[in-house]
Amino acid sequence: MYFRFGSALVLVVLISLAGIALEKRNLELRRSVTRQRFRRDVLHDAHIRMRLETQRLGAPAQTIDALESGELRVEPQRKPIVENDRR
Amino acid sequence: MNGSVNRATDWRVLTIIVLLAMFALAIGARLVQLQWIDRLAFSDRANRQRTFVESIAARPGDIVDRSGRLMATTISVRSLYAVPAHIVDITQFARDVAPRLNLDADRLAERLTLNRTKQFLWIKRRLTEQQAIDIRALEMPAESWGFRREFLRRYPQGRLAAHILGLRGIDGEGRGGVEQKLDGVLRGRDGERVLVRDARGRVIDVKTEADRPAEHGRTVVLSLDAVIQLYTERELDRVMEEWRPSSACAIVIDPATCDVLAMASRPAFDPNNPVDVLPAAWKNTAIASMYEPGSTFKPFIVAWAVDREIISRDETFNCERGAYRMGRRILHDHHPYGQLSVTDILVKSSNIGMAKIGERMTNRSLYEAAVTFGFGRRTGTELPGELTGVVRKLSKWNRYSTGSIPMGQELAVTPLQLITAHAALANGGKLLSPRLVLGDMEAMDEFGRRSSPTASAQVVTQTVGAETAAWIVAGPMRGVVQRGTGKKAQLPGFEVFGKSGTAQKHDPATGGYSSNRFVCSFVCGAPADNPRALVLVLVDEPTVGTSHYGGTVAAPAASRILEKTLLHLRVPSDASQPRTANRR
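Protein sequences, first through last, are from chains A and B. All letters in the first sequence, in the order written, are residues 9 to 95 by the working numbering. All letters in the second sequence, in the order written, are residues 788 to 1371 by the working numbering.
A hint or two may mislead.
[Claimed, not checked] So the derived label-pair ranges between C-beta atoms look like this:
1. B:1296 <-> A:80: 49 to 57 Å
2. A:17 <-> B:812: 32 to 40 Å
3. B:992 <-> A:26: 18 to 26 Å
4. A:80 <-> B:989: 52 to 60 Å
5. A:17 <-> B:804: 35 to 43 Å
6. A:77 <-> B:1060: 25 to 33 Å
7. A:40 <-> B:840: 19 to 27 Å
8. B:989 <-> A:17: 30 to 38 Å
9. B:1296 <-> A:81: 54 to 62 Å
10. A:75 <-> B:1294: 44 to 52 Å
11. B:1031 <-> A:75: 27 to 35 Å
12. B:835 <-> A:45: 20 to 28 Å
[What the hints assert, rightly or not] Here chain A is said to cover these stretches of chain B; the calculated rule only asks that three of the stretch's residues, wherever they fall, bring their Cβ under 8 Å from a Cβ of chain A:
13. 850 to 858
14. 861 to 868
15. 936 to 948
16. 1004 to 1014
Rather than coming from a laboratory, the hints here were simulated on the basis of the structure. None of the values given here were measured: they were computed from a predicted structure. Beta carbons: idealized from backbone N, C-alpha and C, even for Gly.
Make the full structure from the sequences, and use the hints.
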């Protein structure tokens, strides 16, 4: 009887431990996902800031004199970036 | 004796049992109330105490020009708030924080004291990176302050196209320009995140299953070309400096599509720093001001009269040597002319010749011409605040109108209406609604080629026949630049066509036309046989010098803008290439 009682107790404890382990793993993964989202947001912000800076530095107002004087090579006119032609 | 003692004991036991039973019943009843009757209410209350919903702000979309150059974008910055209820020494707090944020310490302390019991008070929104670092370095108690992430709109091209773009207010709402008109597309939709917190208010879990992600704003593509816009604005600045007018504007249009390549007004403002702006600077003169068009209106009347065969192209009119009585008034020309052909009436800009054409047309036909070319109604551009202009009802026109309308008086137009109508002449007579927005993109980081419903609908009206339109452009309007009032718009290597306008302004003192306040305008385009660009420059009340004519004030600037635009669009000049290679 003691053996059966002990076995049942061990089984219950093992199941509980497995549940706790799974829960911890679940929380760990969720933390990891949250961290990755945060990193993605930080990188996205950094990307936007760098894009803003490059666009500001390369704005026509900054480069037009160099273009007109021939210091910079003139890129050919591109088509609009969206296809929505009325012709 | 023994029996009486037993009875008394029984009675006491019974009383205790009854009391205990009543207590148990009360407990049971309370349990039933809590667990069954009020279960939902208590469950809701517990949920409310345990969870709260946090808003996830949507990032407003970018605005780019037709080549993808960034005109407006959004960055994430920190805003500082305080918890006045948890600040121990308000004066010290204000003394520490204020100098690092360029605030007045006394006023900040006063604000904090007034809101002493509050749990939240903005100190300064949208800090610079350095300001945020400085505040963090103060190492103030964590419970008394905090940062919140907010979005800040930036315009990397500076003042360029400020009136077209508009700006975003402190709470992110679009104000003016495309920012206002397309706020629904640009703003996106905020999301929600459900957080679970413990008894002390600390977040212990995020209910990801209840998350609603933010839908960020879309990227809007404008028809503007930032390079042409820059050329245009530089020329306008030069005009403002040279002639010191009250305002000026310029528009560049591709006549084939009616895409607005540039639109600028002066005075202007800096959308990155919209403080100390003159009230007049908020106004986009190109769409929100009305003027009598003057002589720039004459080509529409001639085109209509020729197209409806009211006059013929080779007809001549007697211009009465500069003075012509029409009813009770006498019309004058700047120079006395005798017989002038229809072409020369436009080239010399003869008011008498136009009045005689008006007499031939009658008021009904003049009215039809004005309305068909789009005057008196909005063009349908995507910008807010566009005026309709003024074309009075035909029933209110009189004999005076017959002489005034053909020379561009008695009606008011916006600069955008005027260039849109001229674009119709340069486009085979087809009047299109001007377009400023080419479309929007699905997401700010997906630069796929995709059109969208944001693009404005195309409205086409055939005003005059293609042959008549081509003749007006390549004949009389070309002549204006070759040998008429627009000689200053000539460009070597290009066949430029154009028309000048010099309209007298209304003088409130006399009730008539002023003799020293003018609106000078010039519209020109090239090449004449296949127009690739059309430019309008309008200068309101130049004050420097005395020669205030469209051909002297506005034509040189319009010509320079046109020249730079043609170069930028790689339109070959006559000398460099046979034009047939460039025909579309």
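Query raised in the report: Does the Cβ pair residue 835 (chain B), residue 45 (chain A) satisfy 20 to 28 Å?
Result: 26 Å, holds
Query raised in the report: Is the gap between the beta carbons of residue 989 (chain B) and residue 17 (chain A) within 30 to 38 Å?
Result: 36 Å, holds
Query raised in the report: Taking a Cβ-Cβ distance under 8 Å as contact, does the region 850 to 858 of chain B have three or more residues in contact with chain A?
Result: With 6 residues close enough to chain A, the hint holds.
Query raised in the report: Honestly, do residue 40 (chain A) and residue 840 (chain B) meet the 19 to 27 Å range at C-beta?
Result: Since residue 40 (chain A) and residue 840 (chain B) have Cβ atoms about 24 Å apart, the given range 19 to 27 Å holds.
Query raised in the report: That 49 to 57 Å hint for residue 1296 (chain B) and residue 80 (chain A) (C-beta), does it hold up?
Result: Once the Cβ atoms are compared, 54 Å apart, the range 49 to 57 Å for residue 80 (chain A) and residue 1296 (chain B) holds.
Report task. For residue 1296 (chain B) and residue 81 (chain A), compare the CB-CB distance with the range 54 to 62 Å and indicate the outcome. Result -> At roughly 58 Å between Cβ atoms, residue 81 (chain A) and residue 1296 (chain B) fall inside 54 to 62 Å, so the hint holds.
Query raised in the report: Do residue 1031 (chain B) and residue 75 (chain A) keep their Cβ atoms within the hinted range of 27 to 35 Å?
Result: Roughly 30 Å apart at Cβ, these two residues keep to the hinted range, so it holds.
Query raised in the report: Using the C-beta atoms of residue 77 (chain A) and residue 1060 (chain B), is the stated range 25 to 33 Å upheld?
Result: For residue 77 (chain A) and residue 1060 (chain B) the Cβ distance comes to about 30 Å; the hint holds.
Query raised in the report: Does the Cβ pair residue 75 (chain A), residue 1294 (chain B) satisfy 44 to 52 Å?
Result: Cβ of residue 75 (chain A) to Cβ of residue 1294 (chain B): about 46 Å, so the range 44 to 52 Å holds.
Query raised in the report: Given as covered by chain A, does the region 1004 to 1014 of chain B meet the bar of three residues or more with CB within less than 8 Å?
Result: This one holds; 4 residues, not fewer than the three required, reach chain A with a Cβ under 8 Å.
Query - 35 to 43 Å as the expected CB spacing between residue 804 (chain B) and residue 17 (chain A), which holds or is violated - result: Once the Cβ atoms are compared, 40 Å apart, the range 35 to 43 Å for residue 804 (chain B) and residue 17 (chain A) holds.
Query raised in the report: Using the C-beta atoms of residue 17 (chain A) and residue 812 (chain B), is the stated range 32 to 40 Å upheld?
Result: Hint holds: Cβ distance 38 Å, inside 32 to 40 Å.
In summary, this structure violates none of the numbered hints.
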